[in-house]
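Asks: The primary structure of each chain is shown beneath.
Protein chains: 2
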Amino acid sequence: MKVQNLSINGFKSAGIHCGIKKDRKKDLAIIYSEVPALVAGVFTKNKIKAAPVLLGMQRLKNGLCQAVIINSGNANACTGKQGLNHAKTMVELAENALGIKKGLAFVASTGVIGQPLPMDKIKKGIANVASKVSTDGWENAAQAIMTTDAFPKIAFEKCTIDGKEISMLGIAKGAGMIKPDMATMLSFIATDVNIERNALQKTLKMAVDNSFNCITVDGDTSTNDTVLVLANGFAKNPRLTSPDPRLAAFQAMIEKVCKKLAFMLVMDGEGATKFLEFKITGAKNNKDAKRVADTAANSLLVKTAFFGEDANWGRIMAAIGRAGVDVKEEKINIYFNDVPVVLNGQKAKGKGLKAEDIEKKASKAVKQKHICIKIELGLGKGSAIVWASDLSYEYVKINASYRT
Amino acid sequence: MKVQNLSINGFKSAGIHCGIKKDRKKDLAIIYSEVPALVAGVFTKNKIKAAPVLLGMQRLKNGLCQAVIINSGNANACTGKQGLNHAKTMVELAENALGIKKGLAFVASTGVIGQPLPMDKIKKGIANVASKVSTDGWENAAQAIMTTDAFPKIAFEKCTIDGKEISMLGIAKGAGMIKPDMATMLSFIATDVNIERNALQKTLKMAVDNSFNCITVDGDTSTNDTVLVLANGFAKNPRLTSPDPRLAAFQAMIEKVCKKLAFMLVMDGEGATKFLEFKITGAKNNKDAKRVADTAANSLLVKTAFFGEDANWGRIMAAIGRAGVDVKEEKINIYFNDVPVVLNGQKAKGKGLKAEDIEKKASKAVKQKHICIKIELGLGKGSAIVWASDLSYEYVKINASYRT
Numbered sequence: 001m002k003v004q005n006l007s008i009n010g011f012k013s014a015g016i017h018c019g020i021k022k023d024r025k026k027d028l029a030i031i032y033s034e035v036p037a038l039v040a041g042v043f044t045k046n047k048i049k050a051a052p053v054l055l056g057m058q059r060l061k062n063g064l065c066q067a068v069i070i071n072s073g074n075a076n077a078c079t080g081k082q083g084l085n086h087a088k089t090m091v092e093l094a095e096n097a098l099g100i101k102k103g104l105a106f107v108a109s110t111g112v113i114g115q116p117l118p119m120d121k122i123k124k125g126i127a128n129v130a131s132k133v134s135t136d137g138w139e140n141a142a143q144a145i146m147t148t149d150a151f152p153k154i155a156f157e158k159c160t161i162d163g164k165e166i167s168m169l170g171i172a173k174g175a176g177m178i179k180p181d182m183a184t185m186l187s188f189i190a191t192d193v194n195i196e197r198n199a200l201q202k203t204l205k206m207a208v209d210n211s212f213n214c215i216t217v218d219g220d221t222s223t224n225d226t227v228l229v230l231a232n233g234f235a236k237n238p239r240l241t242s243p244d245p246r247l248a249a250f251q252a253m254i255e256k257v258c259k260k261l262a263f264m265l266v267m268d269g270e271g272a273t274k275f276l277e278f279k280i281t282g283a284k285n286n287k288d289a290k291r292v293a294d295t296a297a298n299s300l301l302v303k304t305a306f307f308g309e310d311a312n313w314g315r316i317m318a319a320i321g322r323a324g325v326d327v328k329e330e331k332i333n334i335y336f337n338d339v340p341v342v343l344n345g346q347k348a349k350g351k352g353l354k355a356e357d358i359e360k361k362a363s364k365a366v367k368q369k370h371i372c373i374k375i376e377l378g379l380g381k382g383s384a385i386v387w388a389s390d391l392s393y394e395y396v397k398i399n400a401s402y403r404t
Numbered sequence: 001m002k003v004q005n006l007s008i009n010g011f012k013s014a015g016i017h018c019g020i021k022k023d024r025k026k027d028l029a030i031i032y033s034e035v036p037a038l039v040a041g042v043f044t045k046n047k048i049k050a051a052p053v054l055l056g057m058q059r060l061k062n063g064l065c066q067a068v069i070i071n072s073g074n075a076n077a078c079t080g081k082q083g084l085n086h087a088k089t090m091v092e093l094a095e096n097a098l099g100i101k102k103g104l105a106f107v108a109s110t111g112v113i114g115q116p117l118p119m120d121k122i123k124k125g126i127a128n129v130a131s132k133v134s135t136d137g138w139e140n141a142a143q144a145i146m147t148t149d150a151f152p153k154i155a156f157e158k159c160t161i162d163g164k165e166i167s168m169l170g171i172a173k174g175a176g177m178i179k180p181d182m183a184t185m186l187s188f189i190a191t192d193v194n195i196e197r198n199a200l201q202k203t204l205k206m207a208v209d210n211s212f213n214c215i216t217v218d219g220d221t222s223t224n225d226t227v228l229v230l231a232n233g234f235a236k237n238p239r240l241t242s243p244d245p246r247l248a249a250f251q252a253m254i255e256k257v258c259k260k261l262a263f264m265l266v267m268d269g270e271g272a273t274k275f276l277e278f279k280i281t282g283a284k285n286n287k288d289a290k291r292v293a294d295t296a297a298n299s300l301l302v303k304t305a306f307f308g309e310d311a312n313w314g315r316i317m318a319a320i321g322r323a324g325v326d327v328k329e330e331k332i333n334i335y336f337n338d339v340p341v342v343l344n345g346q347k348a349k350g351k352g353l354k355a356e357d358i359e360k361k362a363s364k365a366v367k368q369k370h371i372c373i374k375i376e377l378g379l380g381k382g383s384a385i386v387w388a389s390d391l392s393y394e395y396v397k398i399n400a401s402y403r404t
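Quick mapping for you: the protein sequence lines, in order, are chains L and Z.
Just so you know, the first sequence maps onto residues 1 to 404 in my numbering.
Just so you know, the second sequence maps onto residues 1 to 404 in my numbering.
Isolated chain L, as found in the complex:
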């Protein structure tokens, strides 16, 4: 993805190799705002939280951020007091290198759990990466936060509010340990909007719920998941507050950026060959719908069937049945890209279609790269969407040899 022309007023960034990863792969990124920016964030719901997450949750209370330093290759998780000291040292080093006020830098880490950070390399690295910040450093930064990701993930959107053009750029990394509704992974979003902090946190929360929290690769969540959005006000629009009808345009923009990144995360899900959209309607309520979507999307048998391009809807029925919510077998309909495969709980037939024609159409549907699995429960008005990847040999390969 070429992104040379993408930049956000007043933001600079950079990404370098500092020596945590092998093969000279980039492993240290920095994001810098020319002025202290408002910051909103969401963090992992995992009870085991990495040191940078603990520090970030603390600093978020101040509401201001001027820099984020991010390393990949080492999660700085399960590292105790030493880990917390390392995280604190990293923000201090970034603050000093960039010449910004104490307390205004955030840190994020991703990679292997339980290893101490190589602080000598990181120390030199932070001085180096801080000296390289530029308005077009985003692609390097996006590369430097990758772990098993196959490609860097960058999304850019614009909108106009009160005649002022507002821009937003986000980067993200996946690609395993991703599950709906259990927070997310790493993502950093920069925007020049002028906005109240409360409105920024609200819009981010809603955008994350409708994007990152709807995706699943393997049902695992990490100790390090973090999404931060920085808003520096350079667009000079009249300050957005909440409630404010003008917020709708901003909400739409941040959702678009988060969704684009979320889709990229799924498509880059470890070993993914398919993009699966599970669309549930007719549940008793939205919570039930979400449970059905999650159960189906995380079922290994469902995921491997789609990898094998097998229209094996019986596995979806079995997943629906064990989701722990009220369902009536005889009311369930399932469609693969609008091809009915189950009607009233049984193999679809009738409606002018022969069983063998449906089987043929369903086989064609599961050969597509994008497959929409529509599940109608016929009980109420609850609905939910989950985006997921399939499960391939490659997933096993990547995760069986991650540390070696």
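Think of the hints as simulated: they come from the structure by calculation, not from any bench.
Everything numeric in this text was worked out from a predicted model, so none of it was measured.
Treat each hint with caution, since some may be false.
[Said to hold, decoys possible] Only pairs whose alpha carbons sit at most 30 Å apart, straight line, appear in this in silico BS3-like list of lysine-lysine:
(1) K123/L <-> K354/Z
(2) K121/L <-> K354/Z
(3) K364/L <-> K397/L
(4) K47/Z <-> K349/L
(5) K284/L <-> K260/Z
(6) K361/Z <-> K21/L
(7) K397/Z <-> K331/Z
(8) K354/L <-> K61/Z
(9) K123/Z <-> K45/L
(10) K61/Z <-> K349/L
(11) K158/L <-> K349/L
(12) K101/Z <-> K354/L
(13) K205/Z <-> K381/Z
(14) K364/L <-> K21/Z
(15) K328/L <-> K61/Z
(16) K45/Z <-> K331/L
Use these hints to put chain Z onto chain L, whose structure you have.
Replies: Using the frame of chain L, we list chain Z on its own:
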């Protein structure tokens, strides 16, 4: 496994190929008791239940069973009224062929969901298999109930109560769609004990909770899971009742049979290369312990790490943290076959051991076929055990091409 000499007084069985599966693989089994036997059973907790399960739950109320007819290759699930009629036809055919009273036969099915049974083949098959019953037909029966299983599963135990020798023989099939605490798979157990029905149901329930409900292959449960135990009283021991101190010996025997079968199911988990025992202690209560064990044992990242023989304990910490129960990071200890890998929430060190020695010992531990993962939470007296397989390329291969 050679089992020619294994038999249970008064029971006969057989297994044949009737044409549901390809390649002349056995696909129809029958179990027959010379007299009506007491029957106890547990069935899947999945809300989508196959026709034979619905019929079995109904017939269990009578408490008597003289024959079980079982087909593999087709689950007769999500088949509506037609499916229920097919299940009823199967028990009728079995009752007629064996000349037993109406209402005394049970049926079980396993295989693909959503396809109508080939009743013409099954009709001929039932007459054929019923004519072949013999006291040493158990191995053929065990083969005929297999789906993706690599080997037939048979367990045999004896005990003595009041001077009478009591025998028990169980067969079972896996090998996917297996998850703790969500019922099990197919298993049929025959014993010559003389026992009250209530005591039989109680002892079976406890044995299943401590065996089949402790195992997991992929976190999926099926529409067809069924465990039946038939007791025909041929041992002529004074009738066991509940409560009864003599029940202990019988309880121990049925647990041994169920555990042996459960272990075989795990070792034959689709594509399994490792037997993983997750042993949780120190949880606030048993329920919390079970959730931690389930979450760790079902984590794809944990399972693939063990397949890759990688002592990547960080993934176990992450799984513990997302189990949805109270944990204190700094109190957690983890051992691989007694090698400490995490002490007080961090990489194990001290206690006279160097970090590199521990890493070396842990690497050796994960190369074993059986790995015990002991997790101490340090909060209370709750404990749980879950047995699981790892996740290999082979699992994906088997399940990506199951129907083809």
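Asks: Taking the hints in turn, state whether each one holds.
Replies: Verification of the supplied hints:
no. : hint              : in the structure
1   : K123/L <-> K354/Z : holds, 27 Å
2   : K121/L <-> K354/Z : holds, 24 Å
3   : K364/L <-> K397/L : holds, 28 Å
4   : K47/Z <-> K349/L  : holds, 23 Å
5   : K284/L <-> K260/Z : violated, 42 Å
6   : K361/Z <-> K21/L  : holds, 25 Å
7   : K397/Z <-> K331/Z : violated, 40 Å
8   : K354/L <-> K61/Z  : violated, 40 Å
9   : K123/Z <-> K45/L  : violated, 56 Å
10  : K61/Z <-> K349/L  : violated, 35 Å
11  : K158/L <-> K349/L : violated, 47 Å
12  : K101/Z <-> K354/L : violated, 41 Å
13  : K205/Z <-> K381/Z : holds, 24 Å
14  : K364/L <-> K21/Z  : holds, 25 Å
15  : K328/L <-> K61/Z  : holds, 24 Å
16  : K45/Z <-> K331/L  : holds, 19 Å
When the structure is compared with the earlier hints, violations turn up for hints 5, 7, 8, 9, 10, 11, 12 and for no others.
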